[in-house]
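*Asks:* From just these sequences and the hints, can you work out the full model?
These protein sequence lines map, in sequence, to chains A and G.
When we follow numbering that gives the first Met the number 0, the leftmost residue of the first sequence carries the number 0, and every step to the right adds one.
When we follow numbering that gives the first Met the number 0, the leftmost residue of the second sequence carries the number 0, and every step to the right adds one.
Since the hints were made in silico from the structure, they are not lab data.
Keep in mind the model is a prediction, meaning the values are calculated, not measured.
No residue lacks a Cβ here, since even glycine has one placed at the ideal position from N, Cα and C.
There may be inaccurate statements among the hints.
[Stated by the list, open to error] Derived list of chain A stretches under chain G, where covered just means 3 residues or more per stretch with a C-beta under 8 Å from a C-beta of chain G: (1) 77 to 86; (2) 146 to 152; (3) 155 to 169; (4) 239 to 252; (5) 282 to 296.
[Unchecked claim] If we take Cβ atoms under 7 Å as the criterion, some of the chain G residues that face chain A in the derived model are: (6) Met-231; (7) Gly-232; (8) Ala-236.
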Amino acid sequence: MLNYIAQRAALAIAVAITVSLAAFVLLNIATDPAYAIAGEDADPEVVEQIRQRFGLDRPVWVRYGEWLLGVLRGDFGVSYYWNRPVASLVAERVGTTLTLAFSALFVTIAIAIPLGAMAALNRNTWIDRFALWVAVSAQAIPNFWLGLILIILLAVIYPIFPVSGDQTWRHFVLPAFVLGASSVPPVMRLMRTGLIEVMGSDYIRTARSKGFRGRTLLTRHALRNALLPVVSVLAVQLGHKVGGSVITESVFAINGLGRLALQSILGADIPTVQILIFIFALVFVAMNLLADILNAALDPRIRIG
Amino acid sequence: MTARYHHALGPAVLAAGLAFGPGAAAGPDDDTLRAAMAGEILNLDYLYTTRREYIILAKMTDARLFTMNPETQEVEPSVALSYEFVDDMTIDVELRDDVQFHDGTPLTAADVAYTYNWIIDEGSESHAQSLISRWLDRAEVTGDHSVRFHLRAINPLIIRDMAQRVPLRKDGTYHQGEAPDFDAMATDLVGVGPYRVASFTPGVELVLERFDDYFGTPSEIGNIVVRNIPDMGTQQAEIMAGGINWMFNVPLDVAQNVGMRPDIDHLAGPDLRVSFIVLDAAGIVEEDGPLTDLRVRRAMNHAINRDEIAEFLMGGGASEGIHTACHPVQFGCLQDVMRYEYDPERARDLLAEAGYPDGFDLDLWAYRERPKAEAVMSDLEAIGININLRYVQLETLNQARAAQEIPAYIGTWGSSGVADTALIARVHFSDTSDRHLSGDAEVVEWVMNAEETADQDAREEYYRNVITRIAEEAYWVPLVSYSANYLVTSDLEFPLDNDGVPRLQNARWR
Numbered sequence: 000m001l002n003y004i005a006q007r008a009a010l011a012i013a014v015a016i017t018v019s020l021a022a023f024v025l026l027n028i029a030t031d032p033a034y035a036i037a038g039e040d041a042d043p044e045v046v047e048q049i050r051q052r053f054g055l056d057r058p059v060w061v062r063y064g065e066w067l068l069g070v071l072r073g074d075f076g077v078s079y080y081w082n083r084p085v086a087s088l089v090a091e092r093v094g095t096t097l098t099l100a101f102s103a104l105f106v107t108i109a110i111a112i113p114l115g116a117m118a119a120l121n122r123n124t125w126i127d128r129f130a131l132w133v134a135v136s137a138q139a140i141p142n143f144w145l146g147l148i149l150i151i152l153l154a155v156i157y158p159i160f161p162v163s164g165d166q167t168w169r170h171f172v173l174p175a176f177v178l179g180a181s182s183v184p185p186v187m188r189l190m191r192t193g194l195i196e197v198m199g200s201d202y203i204r205t206a207r208s209k210g211f212r213g214r215t216l217l218t219r220h221a222l223r224n225a226l227l228p229v230v231s232v233l234a235v236q237l238g239h240k241v242g243g244s245v246i247t248e249s250v251f252a253i254n255g256l257g258r259l260a261l262q263s264i265l266g267a268d269i270p271t272v273q274i275l276i277f278i279f280a281l282v283f284v285a286m287n288l289l290a291d292i293l294n295a296a297l298d299p300r301i302r303i304g
Numbered sequence: 000m001t002a003r004y005h006h007a008l009g010p011a012v013l014a015a016g017l018a019f020g021p022g023a024a025a026g027p028d029d030d031t032l033r034a035a036m037a038g039e040i041l042n043l044d045y046l047y048t049t050r051r052e053y054i055i056l057a058k059m060t061d062a063r064l065f066t067m068n069p070e071t072q073e074v075e076p077s078v079a080l081s082y083e084f085v086d087d088m089t090i091d092v093e094l095r096d097d098v099q100f101h102d103g104t105p106l107t108a109a110d111v112a113y114t115y116n117w118i119i120d121e122g123s124e125s126h127a128q129s130l131i132s133r134w135l136d137r138a139e140v141t142g143d144h145s146v147r148f149h150l151r152a153i154n155p156l157i158i159r160d161m162a163q164r165v166p167l168r169k170d171g172t173y174h175q176g177e178a179p180d181f182d183a184m185a186t187d188l189v190g191v192g193p194y195r196v197a198s199f200t201p202g203v204e205l206v207l208e209r210f211d212d213y214f215g216t217p218s219e220i221g222n223i224v225v226r227n228i229p230d231m232g233t234q235q236a237e238i239m240a241g242g243i244n245w246m247f248n249v250p251l252d253v254a255q256n257v258g259m260r261p262d263i264d265h266l267a268g269p270d271l272r273v274s275f276i277v278l279d280a281a282g283i284v285e286e287d288g289p290l291t292d293l294r295v296r297r298a299m300n301h302a303i304n305r306d307e308i309a310e311f312l313m314g315g316g317a318s319e320g321i322h323t324a325c326h327p328v329q330f331g332c333l334q335d336v337m338r339y340e341y342d343p344e345r346a347r348d349l350l351a352e353a354g355y356p357d358g359f360d361l362d363l364w365a366y367r368e369r370p371k372a373e374a375v376m377s378d379l380e381a382i383g384i385n386i387n388l389r390y391v392q393l394e395t396l397n398q399a400r401a402a403q404e405i406p407a408y409i410g411t412w413g414s415s416g417v418a419d420t421a422l423i424a425r426v427h428f429s430d431t432s433d434r435h436l437s438g439d440a441e442v443v444e445w446v447m448n449a450e451e452t453a454d455q456d457a458r459e460e461y462y463r464n465v466i467t468r469i470a471e472e473a474y475w476v477p478l479v480s481y482s483a484n485y486l487v488t489s490d491l492e493f494p495l496d497n498d499g500v501p502r503l504q505n506a507r508w509r
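*Replies:* Set out below in C-alpha cells:
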C-alpha cells in the first residue's frame with residue numbers, strides 16, 4: 000500500500016509539473032501581463048516600465064526555470080496582478096473554496112443518494128422516471144444559467160438569500176446548490192445501478208429468506224455494497240468542486256480559489272495561475288488516490304499495491 | 000410555473016424571506032451608497048495605477064493641486080489657491096493652509112514637493128512618471144505653503160496634469176524603510192480627498208467614509224462601499240434586489256431593460272472614449288498593400304454607417320458618429336474637416352478606381368464590442384472588401400501590433416477623461432508608437448510642436464493641421480463616440496459630467 004501511495008504521489012507531482020509547464024507556455028503565448036496590469040489606455044512607457052519591473056522582458060524559459068526553482072524552495076513567487084505573495088493569496092481563499100466544495104458535496108449526497116436509492120427500489124415507476132428527469136436536467140443545465148435563475152428566483156423575486164458575496168452561511172446556500180447539482184447525475188445513477196445490482200444478488204436473497212425486510216435489509220445489507228462505487232465517485236467529485244468552481248464563484252462573487260483563477264487568467268497573472276493549476280492538479284490526483292484507498296477499506300476483496 | 004402556483008408559493012416563500020432574508024438594502028437608511036465594479040480594485044494608490052476604476056476612486060480619496068471643472072474644462076483651485084508663471088520655466092504655487100491628510104496631519108509645501116520629486120525619481124516607477132517627467136525638473140519648497148516648480152520643458156498641459164494626474168502624499172510616504180516601498184499606499188491610503196478609507200479587501204470590497212475635515216465642499220453621502228462583482232448579470236441582480244445602488248459600464252440593452260423598472264433609473268451620459276479604425280496607410284505591414292491607396296482608405300470611410308452604429312449599438316442618447324481622430328469636445332478637435340458621409344455607392348466607385356473592383360481580402364482586428372466590430376465588418380463587406388475579423392483579447396492585439404502584423408484594427412481611446420486632443424494624438428501619432436501607421440512625418444512634427452508650446456492659439460493651429468491631414472488622407476476611419484450607461488436606484492441622484500468620469504462623491508439621496 001505504501002509503495003502504491005508513493006508511486007501515485009510521484010505521479011501527481013509529475014502531472015502537476017507537466018500541466019504547469021504547459022500553462023506557463025500557453026499563457027506567455029496568449030497574453031502580455033504588462034498590458035494586462037497597465038490597462039487599456041496606458042502609455043507604452045508605462046507598459047514598458049511594468050515589463051521591466053516584473054522581469055517580463057526576459058526569455059520565457061528563464062522565467063519558468065526561476066519559478067520552478069522557487070516552488071521547490073517553497074517560494075511561490077509574487078503575483079504580478081495583485082502585487083502580493085501568491086502563497087498568501089491562496090491561503091486567504093482556500094478556506095472559502097473548501098467551505099463551498101464541502102457544502103456542494105453535502106448537497107450532492109443529500110439529493111443523489113436518496114434519489115438513486117428510491118429509483119432503484121421503485122424501478123420503472125414514476126419515481127424512477129422522476130429521478131432520471133432530475134439527473135438529465137442537472138446534467139444539461141449549465142452552472143452559470145442555474146446560478147442566475149436561482150438568484151432571480153430566490154434572491155430578487157423572493158429575497159430569501161443574498162445575491163452574492165461570502166460573508167455568512169446564507170451566502171453559500173445558492174452556490175452550494177448550483178455546484179452540488181452538477182454532481183447529482185453521476186452519483187445518483189451509480190447509486191441506482193449499484194443498488195439494483197446488489198438487490199438482485201444472492202446474499203440479499205438469502206437475507207430475505209432469513210426474514211430481513213425493508214429498512215433493515217436496505218441499510219444493513221444492501222447499501223454498504225451499493226455505496227462502494229459511489230464513494231470513489233464522491234471523492235473525485237470533491238476534486239471537481241475544489242478545482243471546478245470558477246464559474247460558480249464568479250457568478251456569486253465568492254472570493255475563493257475559482258474566482259482567483261479567473262481573475263488571474265484574465266489579468267495574465269502567470270505566477271498565480273501557475274500555482275493554482277499546480278494545486279488543482281494535485282487535488283485531482285489526490286482525490287483519485289483517496290477514492291482507491293477508500294474502496295480498499297470498504298471492500299476487503301480489493302487490495303492495492 | 001403557473002400563476003396559481005406562483006400565488007400559492009409566494010406568501011410561504013416571502014415569509015421565509017422575512018425570517019432568513021438578507022440584511023438591510025443599500026440606500027439612504029444607513030446613509031451608505033453601495034456601488035459595484037467588475038474590474039478588481041487591487042491598489043488604491045493612483046500614482047501606481049491607470050485604469051478607469053482607479054480614476055473614479057482617486058476622485059474620492061485624493062485631491063490634487065487643482066481641479067478641472069467638468070462642464071467648462073477650466074482649471075480651478077483645489078489644494079492650491081493659485082499659480083503664477085515666474086518665467087517660462089518656473090511656476091510658483093500657493094497652497095491652502097487648511098488642508099489635512101486623512102490621519103489628521105496638516106498638508107504643507109514639503110508634502111507637495113516630496114510627491115512631485117518622488118514621481119520623477121527614476122526609482123519611483125510611478126505610473127505618472129512618464130507624464131510628469133516630460134516637463135518637471137524639480138519641485139522646491141519656498142515656504143510653509145508655497146512651492147516652486149522648476150521645469151525642464153515648456154508644456155501646455157502642466158496645470159492640467161497637476162489637476163488630473165498627481166494625488167498628494169505625505170512627505171516620506173514611500174521611504175519608511177531602507178528601500179523605497181512602492182506599495183506604501185496600496186492598501187492603507189492616506190489622502191486628502193472627501194472620503195477616507197475605512198477598510199479595504201483587495202479584489203473584494205472597499206469601504207469609504209466621509210472625511211469630516213475635508214477642506215472642500217463636503218459630500219452629502221456618509222459612506223460609500225465599492226464591491227467587486229465580476230459578473231454583469233450578478234450586478235444586475237444585486238441592483239434589482241436592492242443590494243447595490245450604482246453600477247457602470249452597463250451594456251446598452253441591459254441598461255434599457257433594467258432601467259424600465261420603476262425603482263431603477265438608466266442614466267446615459269457622454270464619455271470621452273472614441274472608437275476608430277487605424278489603417279496601415281504607410282504600408283508597414285504590407286508594402287504597396289491596398290490600404291496604401293488613398294482611394295481605398297476613403298472608400299472605407301464612405302462605407303461605414305457611423306450614425307446607425309452609434310444609435311443602435313452604442314446608444315444611450317450620448318453616442319454619435321464622429322469624423323475626426325479625436326472626441327469633438329476635446330480642445331483642438333476642430334470639426335470643420337473633410338467628412339465622409341455614408342455612401343456605399345461612392346465607396347464602391349472609389350475601390351474600382353483604385354483597381355479593386357472586386358474588393359480585396361483584409362484582416363481587421365478588434366478587441367471589444369463585438370456587435371460593433373461585426374457591423375463594421377458587414378459595412379465593409381457590402382462594398383466588396385472581404386473581411387477576416389480577428390476578434391481577440393487586448394493583450395493579443397497589442398502583441399500583434401507591436402510585431403507589425405496588423406494592417407487594420409478597431410481601436411478605442413478614453414484620453415483618461417481629459418478633454419484635450421493631446422491625450423489621443425501623441426499616443427497614436429508619434430514615431431515611437433506602434434499605433435502610428437500613417438507614416439506621415441509632418442503629422443508627427445505637428446503633434447510634437449503642439450506639446451512644446453504653451454500658446455493655446457498655436458496649439459489649436461497645430462491640431463487643426465493634424466486633424467485636417469488625417470481626415471483628408473483618411474489615415475483613420477473615425478467611428479463613434481461612446482455613451483456611458485449607468486444603472487442607479489431611484490433614491491439616488493447621480494449627476495453626470497461631460498468628461499464621462501463618474502463622480503460618486505457628488506451623488507446625493509433624493
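*Asks:* Each hint needs a verdict: does it hold in this structure or not?
*Replies:* Each hint tested on the structure:
| no. | hint | result |
| --- | --- | --- |
| 1 | 77 to 86 | holds (count 4) |
| 2 | 146 to 152 | holds (count 3) |
| 3 | 155 to 169 | holds (count 10) |
| 4 | 239 to 252 | holds (count 4) |
| 5 | 282 to 296 | violated (count 0) |
| 6 | Met-231 | violated, 11 Å |
| 7 | Gly-232 | holds, 5 Å |
| 8 | Ala-236 | holds, 5 Å |
The structure fails to meet hints 5, 6 from the earlier list, while all remaining hints are met.
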